[in-house]
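Protein chains in written order, with our numbering: chain C, 3 to 385; chain A, 3 to 385; chain Z, 3 to 385; chain H, 3 to 385.
Simulated from the structure, these hints should not be mistaken for lab results. Mixed in with the good hints there might be a few duds.
You can't tell identical chains apart in this list, so a pair holds if it fits in one copy or across any two.
Said to hold, decoys possible - Here are the simulated DSBU-like pairs of lysine-lysine, each with C-alpha atoms no more than 35 Å apart in a straight line:
no.	residue 1	residue 2
1	343	185
2	182	297
3	175	156
4	375	47
5	343	6
6	97	156
7	74	266
8	47	246
9	175	74
10	182	97
11	246	6
12	156	47
13	297	185
14	192	8
There are 4 protein chains.
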Amino acid sequence: MYSKIKYGMVGGGEGAFIGDIHRIAARIDNRYELVAGALSADADKAARSAQAIGIDAQRSYASFVEMAAVEKERDDGIDVVVIVTPNHMHFPVAKAFLEQGIAVICDKPATLNLAQAHELAAIITRTGGFFRLTHNYTGYPLVRYARELVQEGKLGELRLVQVEYAQDWLSSKEEDTDNKQAKWRTDPSKSGAGGSLGDIGTHAFNLAQFMSDLTVSEVCADIDAFVEGRVLDDNAHVLLRFNKEVKGILWCSQVAPGNANALKIRIYGAKGGLEWSQEDPNELLFSPLGEPTQKMIRAGHGISDVANRVSRTPAGHPEGYLEGFANLYSDIADALILHNKGEPIPAELQLIPGIKEGVAGLQFVESVVESSKNNSQWVSLNA
Amino acid sequence: MYSKIKYGMVGGGEGAFIGDIHRIAARIDNRYELVAGALSADADKAARSAQAIGIDAQRSYASFVEMAAVEKERDDGIDVVVIVTPNHMHFPVAKAFLEQGIAVICDKPATLNLAQAHELAAIITRTGGFFRLTHNYTGYPLVRYARELVQEGKLGELRLVQVEYAQDWLSSKEEDTDNKQAKWRTDPSKSGAGGSLGDIGTHAFNLAQFMSDLTVSEVCADIDAFVEGRVLDDNAHVLLRFNKEVKGILWCSQVAPGNANALKIRIYGAKGGLEWSQEDPNELLFSPLGEPTQKMIRAGHGISDVANRVSRTPAGHPEGYLEGFANLYSDIADALILHNKGEPIPAELQLIPGIKEGVAGLQFVESVVESSKNNSQWVSLNA
Amino acid sequence: MYSKIKYGMVGGGEGAFIGDIHRIAARIDNRYELVAGALSADADKAARSAQAIGIDAQRSYASFVEMAAVEKERDDGIDVVVIVTPNHMHFPVAKAFLEQGIAVICDKPATLNLAQAHELAAIITRTGGFFRLTHNYTGYPLVRYARELVQEGKLGELRLVQVEYAQDWLSSKEEDTDNKQAKWRTDPSKSGAGGSLGDIGTHAFNLAQFMSDLTVSEVCADIDAFVEGRVLDDNAHVLLRFNKEVKGILWCSQVAPGNANALKIRIYGAKGGLEWSQEDPNELLFSPLGEPTQKMIRAGHGISDVANRVSRTPAGHPEGYLEGFANLYSDIADALILHNKGEPIPAELQLIPGIKEGVAGLQFVESVVESSKNNSQWVSLNA
Amino acid sequence: MYSKIKYGMVGGGEGAFIGDIHRIAARIDNRYELVAGALSADADKAARSAQAIGIDAQRSYASFVEMAAVEKERDDGIDVVVIVTPNHMHFPVAKAFLEQGIAVICDKPATLNLAQAHELAAIITRTGGFFRLTHNYTGYPLVRYARELVQEGKLGELRLVQVEYAQDWLSSKEEDTDNKQAKWRTDPSKSGAGGSLGDIGTHAFNLAQFMSDLTVSEVCADIDAFVEGRVLDDNAHVLLRFNKEVKGILWCSQVAPGNANALKIRIYGAKGGLEWSQEDPNELLFSPLGEPTQKMIRAGHGISDVANRVSRTPAGHPEGYLEGFANLYSDIADALILHNKGEPIPAELQLIPGIKEGVAGLQFVESVVESSKNNSQWVSLNA
């Protein structure tokens with residue numbers, strides 16, 4: 003009988019959103035067991051939260067530093083920590099656990115700023131630690147299938163990547179209400195240099211690079227905070243230049259009424275195009291030049307092994323956000339086991355984003371902000 | 003800290019489809035723990051299957067009768083058994099566990115035929131046992147919201163219920179290949195009197211009654227086995243008469259190319275209409291008469307508490323088939339705890355189908371078959 | 003330089019709906035010239051209506067009988083009359099013009115009842131006259147393309163034809179307002195035995211036969227007048243049996259809130275399926291069994307000459323209802339010229355419905371009504 | 003009885019695309035009569051083309067200069083000329099007719115370059131002539147309705163305008179085939195400084211300003227010719243700054259496989275958003291902040307008089323590209339009659355684009371090109 007990976011969680015206490023998502027994702031394929039947590043910096047709240055989700059009181063910590071130290075010493079200590087705090091805590095928490103030799107699964111963006119991201123990368127290199135970043139949209143089967151189509155040349159030489167991520171929940175001054183999610187996401191000290199950029203722009207950026215198998219080399223941006231009194235951007239318009247002379251546009255917004263979580267990507271090449279939308283994730287439109295558009299459906303006719311490996315249900319039985327997220331968790335489980343054995347990680351498990359993608363995300367945010375400050379001058383991401 | 007419900011499973015071994023679905027559904031909200039199984043009638047296969055999914059070898063049984071007897075005697079015996087065998091085994095397995103005082107969660111249809119369904123109902127009454135039927139499509143948040151709209155009179159007096167469930171996977175003689183799912187589903191000794199009728203028609207029928215809060219009183223049907231040599235129907239056309247003088251049509255098919263799992267329902271009343279499709283379950287179209295159609299989205303603007311109670315993610319983060327199924331499991335968990343305490347089951351937990359719906363499903367199948375045999379004579383379901 | 007066909011119109015005066023549609027359709031390809039009319043039985047209204055649309059006062063008639071007689075005698079008399087009156091006038095008007103040797107284009111249904119349709123067929127045969135019926139939905143390019151796919155065997159042996167036509171404009175007692183369209187359509191003396199059946203059911207029936215190239219042999223029906231006090235049906239549920247053992251369902255309704263003019267057809271065979279919706283007429287979904295669904299678009303990749311012949315604009319420049327209607331007019335122009343020369347009508351012009359389709363439509367209406375009166379007994383259309 | 007407006011056409015002979023579109027559009031509402039033409043610079047072709055479409059041989063001219071002179075002198079001379087030549091001929095032809103006092107309807111863009119556009123504006127002012135530009139997408143009923151929603155404040159203070167126009171027909175080197183449309187559109191001497199920019203970018207730009215009732219003040223652009231050897235752009239990415247601090251993005255492309263004629267616009271304000279797509283022109287999505295999205299349909303519930311005035315058919319009977327185009331023609335007819343009488347043009351007829359919009363379009367093209375040449379520097383349109 004296989005044994006489950008024991009994990010602990012930092013953040014994700016009462017009233018949090020993403021913590022519960024991670025926990026469900028970890029459960030879906032039954033590969034993980036939640037055994038410890040520092041769910042809140044408030045000791046009482048941490049304890050209450052731990053009890054509510056079945057963590058033994060003894061392994062509920064008020065301090066992540068203590069948690070890292072104690073868990074490291076336990077025989078049945080956690081194999082991996084999941085970090086689901088606001089952005090500013092990602093770096094110190096990740097550092098603490100990596101320094102103790104404990105693997106890390108971290109929500110995006112990797113850190114509060116690029117300097118931290120570089121420092122984190124150095125720590126990972128130095129410690130030989132295991133670090134994965136939950137850019138969860140890479141977990142959708144049809145996203146991986148689309149990437150494969152691109153890599154196999156089904157679109158010909160690429161020309162264009164159009165990506166957008168639109169929401170509407172910050173159309174008003176939500177941060178002045180008691181909405182905790184809005185509060186920290188609009189606060190530079192907790193969120194970093196980007197508002198919508200950090201929260202959702204990094205997802206769009208990651209998806210664009212992942213699906214196209216290209217690298218953004220330069221950005222030219224115009225960003226705004228439309229809601230009066232808001233400090234961080236709530237909308238960003240970004241022209242993209244990729245390697246291989248591919249061009250693109252990235253738009254992210256949290257002030258676009260009628261959009262719930264509208265992440266959408268379109269890629270065009272000399273021989274074909276494709277289109278995928280996160281809100282309808284079980285369908286991919288593939289248009290070979292000169293032929294009718296094909297509706298490819300998850301687990302349907304023509305879908306590849308790479309995509310089917312991460313599907314659970316037959317075509318027409320919709321899988322969604324949680325299943326896509328769960329695919330990251332399950333792949334990370336396999337990768338972690340191999341990592342711990344010192345064995346090589348096979349290609350299909352290398353799809354999971356790590357610190358490289360984390361650094362790139364922060365480069366993106368800071369380059370966009372810089373470009374916008376300089377009246378949309380092109381800024382290189384490799385500078 | 004809460005304790006999980008301990009469950010065992012009958013059926014669902016290697017190569018099965020629905021067993022894994024139930025296991026994931028049971029895990030999503032972390033309310034269940036799988037501790038025993040009679041996963042196959044073949045002892046070796048049962049053991050292998052049990053090991054693969056983490057059931058202790060001691061609690062892997064080759065016989066469901068033995069399992070019922072042994073589990074009953076254990077202090078840590080299962081609280082509930084989940085039955086995911088082909089249809090012909092539903093009744094004997096349910097009976098065996100109910101007779102031992104063990105609660106039952108059963109895949110649909112309830113039994114092989116109506117006579118068994120009545121007998122099962124009698125057993126439940128006699129034993130005071132707990133029995134729930136996984137007509138999982140009732141678990142979708144927007145299905146429950148739609149039912150609420152109907153009940154609140156937002157559609158006015160109902161007039162029409164149009165339901166259809168189309169698939170294409172049996173368009174060829176799939177049962178002559180090594181497709182196990184096709185084999186038993188087209189075999190009357192395992193599937194019952196209905197082919198597509200039993201497999202998916204019962205879901206459509208259940209959904210129509212659930213969402214409209216009406217009862218089908220009569221059916222007038224024309225059913226076919228289009229694939230040569232097939233014994234059971236692979237397509238059924240059914241005119242419906244409901245109580246309250248509502249009319250409807252039910253179409254189910256497994257020979258409609260281009261349809262993966264296309265369960266769709268539309269309800270019309272004097273003041274409005276609504277439309278929902280299982281393949282796009284996060285959206286409900288609501289059309290108040292004389293006003294523009296509104297796209298209601300799961301967890302979105304205007305959605306009720308009843309629906310939001312069974313949502314896990316914000317609007318735009320698609321939930322799907324597994325989450326809908328999980329809603330049944332979580333509600334059943336709550337209901338079972340209350341049942342075991344002898345406490346009343348609140349209204350929101352009474353939405354889960356049970357033996358009453360099971361009997362109705364078999365009445366539907368047998369009435370449709372009878373009507374079709376009699377050149378589409380109207381047949382009463384209450385006869 | 004080509005000369006235009008001179009036509010007159012009976013019906014279609016002030017406040018009418020369909021007359022203007024016919025006039026636009028006749029103009030689009032510039033093949034017709036409107037020169038005469040008996041636009042209303044009320045002489046003043048006829049004159050005003052004629053003036054408003056540019057008919058010379060001398061050729062505005064208060065009586066269609068007079069119009070037929072006078073136009074016949076003029077050297078520049080009309081080549082064809084277009085009948086756009088309520089149904090009960092179709093027969094007498096068509097008869098009057100045919101008896102004068104003048105060609106007829108008639109709105110559907112052909113006549114008020116089946117007896118008249120048979121009589122009209124006899125008149126056409128006797129006079130050798132020219133008669134075409136504007137089942138305009140057969141004019142859409144993709145409808146013709148779909149018929150071709152069927153005929154070429156791209157769907158394999160057919161099994162199912164599902165057709166529906168839903169509207170909502172009669173959900174309330176509209177005929178009690180000053181809505182003229184509602185008044186005559188709900189009045190048996192003007193509309194015939196069918197309400198929604200005659201108005202839109204005949205279109206659905208015609209489209210089902212046209213696209214499938216099959217003939218409905220039997221119907222089993224349950225029809226209703228849901229709105230209190232309404233005499234004719236406003237909803238019809240009809241099981242269909244076609245020749246070649248194909249089965250189907252036809253649903254038409256004028257009490258389905260949220261539906262404007264939702265005519266939709268799906269055809270399934272052993273090798274594929276297709277789906278077309280009138281409200282989105284520039285797209286046809288084609289699903290070869292075992293392959294992804296293809297979105298075929300009007301004038302797009304893979305579309306045939308038969309369909310492209312009746313397209314005017316490139317793909318992506320939507321054509322609609324009026325262009326589809328115009329295709330009938332232009333094909334009728336060509337056919338009429340050949341008819342007048344005594345030359346054979348080529349296959350592509352024989353797609354236009356005529357009296358045969360007119361008789362079939364009335365057979366359908368009366369058979370459905372009879373079936374419904376006999377508690378949904380199957381009724382043969384060939385009886 | 004009303005008299006029709008007599009028009010002549012320059013360009014639009016055999017093999018042309020847009021000439022026939024204009025002629026159909028002019029016919030749909032029966033307000034125009036085509037009586038003269040200089041359909042080609044080749045005299046034989048001009049004559050053949052004229053005969054084919056019913057222009058009297060005497061009024062078929064090989065020279066537009068001659069046509070302008072002769073028609074001016076005729077008692078029954080044309081009221082207006084329609085210019086449907088390649089772009090480089092727009093200015094000389096428009097000038098010739100305006101100088102003769104003849105009204106002009108001109109396809110977009112107004113001229114080959116901005117200098118000509120300014121010169122043309124001066125000519126119009128000097129002559130007091132009548133000039134209208136067929137940015138036909140402004141003719142769609144729901145486009146006008148959307149503009150009204152914006153003007154009425156239903157979206158609140160505007161923040162964002164996202165517009166895109168994607169095609170795929172130039173994905174390969176189509177200009178090297180015998181495709182005339184491709185040849186001149188990719189030739190700077192006939193098309194001007196913009197390729198996709200002039201052909202479709204100007205439409206997108208015009209629509210963005212029209213629907214938002216805003217003015218673009220600055221552009222920041224990155225344009226490309228992806229197909230090897232192509233001189234003019236086939237793709238353009240443009241950041242937009244409007245007056246009132248509104249921001250936007252414009253993307254136009256003729257190398258995006260799977261896109262036929264995908265013009266799409268989205269506008270977002272503090273209180274709501276809207277979305278309209280040219281390929282599905284009978285539907286407008288309107289999302290009031292905090293409420294479900296509403297599907298507004300042409301001629302449907304809630305649509306205004308402004309939009310209904312330019313609808314011909316009931317909701318659900320799709321109108322398309324030709325009807326939208328016809329709306330311009332009919333409004334121009336009314337405006338021309340008033341202009342000729344010296345009477346004021348009412349507001350609803352002032353929606354039709356004229357030389358002001360023509361100048362703006364050329365400013366847009368040349369500013370985008372300049373910005374792109376200067377590595378995406380912001381360029382003011384008012385410079």
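Outcome of the hint check:
Proximity of residue 343 to residue 185 under the C-alpha cut-off of 35 Å is found in neither arrangement, the shortest distances being 42 Å within a copy and 43 Å between copies. In this assembly of identical chains, residue 182 and residue 297 lie within 35 Å of each other by CA distance solely across copies; the values are 28 Å between and 40 Å within a copy. Proximity of residue 175 and residue 156 under a CA criterion of 35 Å is satisfied inter-copy only: 19 Å between copies versus 45 Å inside one chain copy. In this homomeric assembly, residue 375 and residue 47 never come within 35 Å of each other (Cα to Cα): the closest approach is 41 Å inside a single copy and 58 Å across copies.
Taking CA atoms no more than 35 Å apart as the test, residue 343 paired with residue 6 passes in both settings, with 16 Å inside one copy and 33 Å between copies. For the homomeric pair residue 97 and residue 156, neither the shortest alpha-carbon distance inside one copy (42 Å) nor that between copies (50 Å) is at most 35 Å. Within a single copy, residue 74 and residue 266 get their C-alpha atoms no closer than 41 Å, and across copies no closer than 53 Å, so neither meets the 35 Å cut-off. For the homomeric pair residue 47 and residue 246, neither the shortest alpha-carbon distance inside one copy (51 Å) nor that between copies (47 Å) is at most 35 Å.
For the identical chains of this complex, residue 175 and residue 74 are neighbours neither inside a copy (43 Å) nor across copies (58 Å), given an alpha-carbon limit of 35 Å. In this assembly of identical chains, the alpha carbons of residue 182 and residue 97 lie at most 35 Å apart only when taken from the same copy (25 Å versus 51 Å across copies). Within a single copy, residue 246 and residue 6 get their C-alpha atoms no closer than 43 Å, and across copies no closer than 54 Å, so neither meets the 35 Å cut-off. Taking the shortest Cα distances, residue 156 and residue 47 never come within 35 Å of each other, neither inside one copy (52 Å) nor across copies (42 Å).
In this homomeric assembly, residue 297 and residue 185 come within 35 Å of each other (Cα to Cα) only across copies, at 29 Å, whereas the closest approach inside a single copy is 40 Å. For the identical chains of this complex, residue 192 and residue 8 are intra-copy neighbours only, at 29 Å inside a copy versus 42 Å across copies, given an alpha-carbon limit of 35 Å.
The structure shown violates the earlier hints numbered 1, 4, 6, 7, 8, 9, 11 and 12.
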